Amino acid sequence: MKVKCSRGQLAEAFTIASSVVPLRTTIPAITSVKLTATKEKAGGTLELACTDMEFGLKLTLPATEVKEEGTLVLPAARMSGLLREAADQDIGIDSDGNIAHIRLPDASFKIVGLDPADFPTIPTFDDRAALKVDAGDLGTMIRKTQFAVSTEVVRYALTGQLLEVKGKDIRMVASDGKRLAYIKSRSSGKNEGQKDVRVIVPTKTMNLLDKVLTDEDAFVSLNVEETQVRLKTRKAVIFSRLIEGHFPDYEAVVPANLDKKLVIPRDLLHAAVRKVSLMTTDKTRAVKFSISKGKMTLFTRTQDVGEARVELPLDYKGEEIEMVFNPDYVADYLKVVGEETVELHLKDKGSAGVFRTGKDYVYVLMPLTVSM
Amino acid sequence: MGSIAVLGADVVNKIAAGEVIERPASVVKELVENSLDAGAREIRVDVEEGGRKLVRVTDDGGGMPPDEIPLAFAPHATSKLATADDLFRVSTFGFRGEALASIGSVSRVRIASRTARGEGAEMVVENGEASTVRPAAAAPGTIVEMRNLFHSVPVRRKFLRSVEIETEHVQDTVARFAVSHPDVRFELWVDGQQRHALPPSDRRTRIGVFYGTELAEALREAETKQFHAFFAPPQYSRVSAKAIWFFLNGRFIRDRVLLRGLNEAYREMIPHGRYPVAFVFLTLPASEVDVNVHPTKVEVRFRSVWKLHDQIAATLRGKLVGSDLAVRVAPGALPQEPGQARAVVDFFTRGPGEPPVLELPTAAARPLVTTGRRVFQLHNRYLVEEVDDGLRVIDQHALHERIMLEEFRKQYAAAAIARQRLLLPAVVELSKAQRARLDDGRELLESFGIETDDFGPGAVAVRAVPALLADHDPVTLLTDFLDLTGEADPELPLLECALEFLACRAAVKFGKKLSEEEIARLLEDAAALDYSASCAHGRPTAIKLTLTDLERFFQR
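Protein chains in written order, with our numbering: chain A, 296 to 667; chain B, 736 to 1291.
Quick caveat, the hints were computed from the structure, so don't treat them as lab data.
The structure displayed is predicted, hence computed values, not measured ones.
Incorrect hints may appear among the rest.
Claimed, not checked - SDA-like mimics (lysine to any residue), calculated; alpha carbons at most 25 Å apart, straight line:
no., chain 1, residue 1, chain 2, residue 2
1, B, K788, B, Q929
2, A, K570, B, K1244
3, B, K1244, B, C1232
4, B, K1145, A, R604
5, B, K1248, A, R604
6, A, K644, B, V1162
7, B, K1167, A, R450
8, A, K644, B, A1150
9, A, K583, B, P1160
10, B, K1145, A, T576
11, A, K642, B, D1188
12, A, K405, A, A324
Given these sequences and hints, build the entire structure.
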């Protein structure tokens, strides 16, 4: 192999690859990245592949020049470090058997790599069977639901995001049992004749997809094969195992008939939540939201810490109501919601509250019960 | 005469002997008590074959004139009680006068005695048959020699344990006297070999003889009008209560209530099933206590035992809570296994700037600015912190568990345990046993924030969990709790059990990487507590290595 490529692009690709390779393992091959140089008419490409066996990534980047095609398997961490230190110019990579010679303008390295034959095979992507989903929507959907994913491994099905494709409708749902985020969009792609998809994708996979998506991506192609999902963007192919298990029926969880509706400017509410949170601790995360005519008052009191009261004006004429929420749960939503105003629908202090922006993005959260 | 026979004196004595003399160590106890009553300053105890063959106690006490020697063997004859009133004001030891009579009835006893100015004399009693008193050469004081214990009572002889075990009992008995009478010189000879020779000293030194100087030096001290206590920091706890000694007016006693008070002082500092090490010397006026409950006088009756219980619990706990209880690591106690020892040495010897020998995550090894002291996380398990006089290694889970325990306790006391309601109620299938325990504990569970509803036959739905545990799986939370209450120490109140359980669950896991902020908060929270030296289950939260320890270790 004999290639030249941009340090910046290669460094970025290695950073992404480093998030895939496991930190601790007894298999050296999977802490490595496989580099494959391919000649094309104008220059060529360099492909990075890495995997932790359950989860893998192939990233393609343009090479400035491919003089000789070839393959190298190099340690991910060492390469990342080297690329971070290098000056921002083209770098040259030549292979000599399994040894890589890296040429920088002011330095040169010899890195002992592994035999490419020892590197696990990464499945290929079958374009013909793929569903196409609008890339922009998918990125937004990931970001708008990810925060509600459970970190508790025992309720395993909740550690991923549910992805549903039904005709043109795409839905993504995440819940940790205390709250649930649901978002829907319509695909503009042609998916006629394709089977519906309902899978739980590990949040790590979704994260990686969000990371590799660029503005140039119009679509993400998606293949589901038994227990695996494969996702393809212009630059990247991700394959990942799916989470097996039963994802709860989200439609049943979103309560109907909430008689109290508030319309709140997002920034004001977000600022109020941040302010009042200052007087909570990690052990007592509870804020009382008192809603009365024309205003909402946020209040918290923590023994040995202090208390906080923040008021914000509100166009509200309904019945008075008091709710206690974990302020983090509210802030998580406000951080990603995007729209200028949000609706909050409530019933009583023991029932779920529902944040909405339009029909297609819903966030349900359960209150806390505590005397304060 | 009817058919009821009056028992002969020898039989009475044999029966009484069974109560007083269970084993050679009981003989030692009775004889040493007599010696102390006689004002001895030096007492020598000899035993052979665990005391079966020989028990001899030699003292330099007042001695007896020849004509009083036979009285020593007469039951209920004693020089120490004059009237029945005196019985309630006893502060000497062998007042019941049964001792020698009993011993004489089950073995061969020779007694030789001389007062300071009188003539020496001796007398032998074998299986209750007394010889005449003969003049004999004797030093001032008394020698009582017992041979062939239970020779005439084969039934009891069978019950004697091995020589080693009986010797241990003798040693324990002597140790108790030595500790309670540090001003008296004691010698213990076993099978002709000197085992202990203890010059007059103080209680702490004497404890050190039997429990090691390290423990003796570590003992805390508390003194009130009623008692003087030496008690070890929690990490010296043991699997039995054998190292808990109570003395009442110099006499070793056992008392369940006082033992409970002591355990109360160490509550949560010591794991369940382990016991503290403590030596409590009670000084009470004779009117406060009745020692005539049992012939061996090991059990007594206090007039107000619960007051004492509370005093002991409160005084000792106060001292324990108020002091630095981080377990000290003595250099000698560092791991001896070569690999481990090597790692420890490498770790502590590496200079600043040198790469760590242990695989420390570099990011975590950065100094922590927030506390003004350097702290780093070791293998995602421990925090190593620089402290004034050395370093401390903290078990992150144990310390956080203690913090959470106090937090739960505080919230529970204020009836302010915040609960997170669940959007997706967790359905739990329960076994019959679990179901029964749930019915028992449901109210308590609810007061902690675990709310359940029936959900068809054999199942319940968890509707809410404590907010502090909102990130935990509700199903495991409930089932683990129910299983735990099934196995819990029945003495432990369910409330305590629940608090400990929740604290353990809410605490950061061993193996979890902590951010610098989390580390700082953990240490700050711990610093704000009155007591943080052990986790909810009583395991220590930290060990300490002082600079002095390090210097000793490196032989500087």
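Starting from K788(B), check that the Cα of Q929(B) is at most 25 Å away, please. Roughly 17 Å between the alpha carbons, so the hint for K788(B) and Q929(B) holds.
Distance restraint between K1145(B) and R604(A), which requires alpha-carbon spacing of 25 Å or less: holds, 23 Å
Decide if the proposed pair is consistent with the structure: K644(A) and V1162(B), CA atoms, cutoff 25 Å inclusive. holds, 23 Å
Straight-line Cα separation of K644(A) and A1150(B) no greater than 25 Å? OK: K644(A) and A1150(B) at ~19 Å, within 25 Å.
Under the criterion that the straight-line Cα-Cα distance not exceed 25 Å, is the pair K583(A), P1160(B) satisfied? holds, 23 Å
Hint consistency between K1244(B) and C1232(B) [alpha-carbon to alpha-carbon, up to 25 Å]: holds, 19 Å
Are K570(A) and K1244(B) close enough, with their CA atoms no more than 25 Å apart? violated, 30 Å
Does D1188(B) lie within 25 Å of K642(A) when you go C-alpha to C-alpha? holds, 21 Å
Check whether the Cα positions of K1248(B) and R604(A) lie no farther apart than 25 Å. violated, 34 Å
Restraint status (C-alpha distance of K1167(B) to R450(A) at most 25 Å): holds, 24 Å
Does T576(A) lie within 25 Å of K1145(B) when you go C-alpha to C-alpha? Satisfied, since the Cα-Cα distance of roughly 14 Å is no more than 25 Å.
Has the given pair, K405(A) with A324(A), been kept, meaning a C-alpha gap of at most 25 Å? Status holds; Cα separation ~18 Å.
Hint check: violations occur at hints 2, 5; the rest are consistent with the structure.
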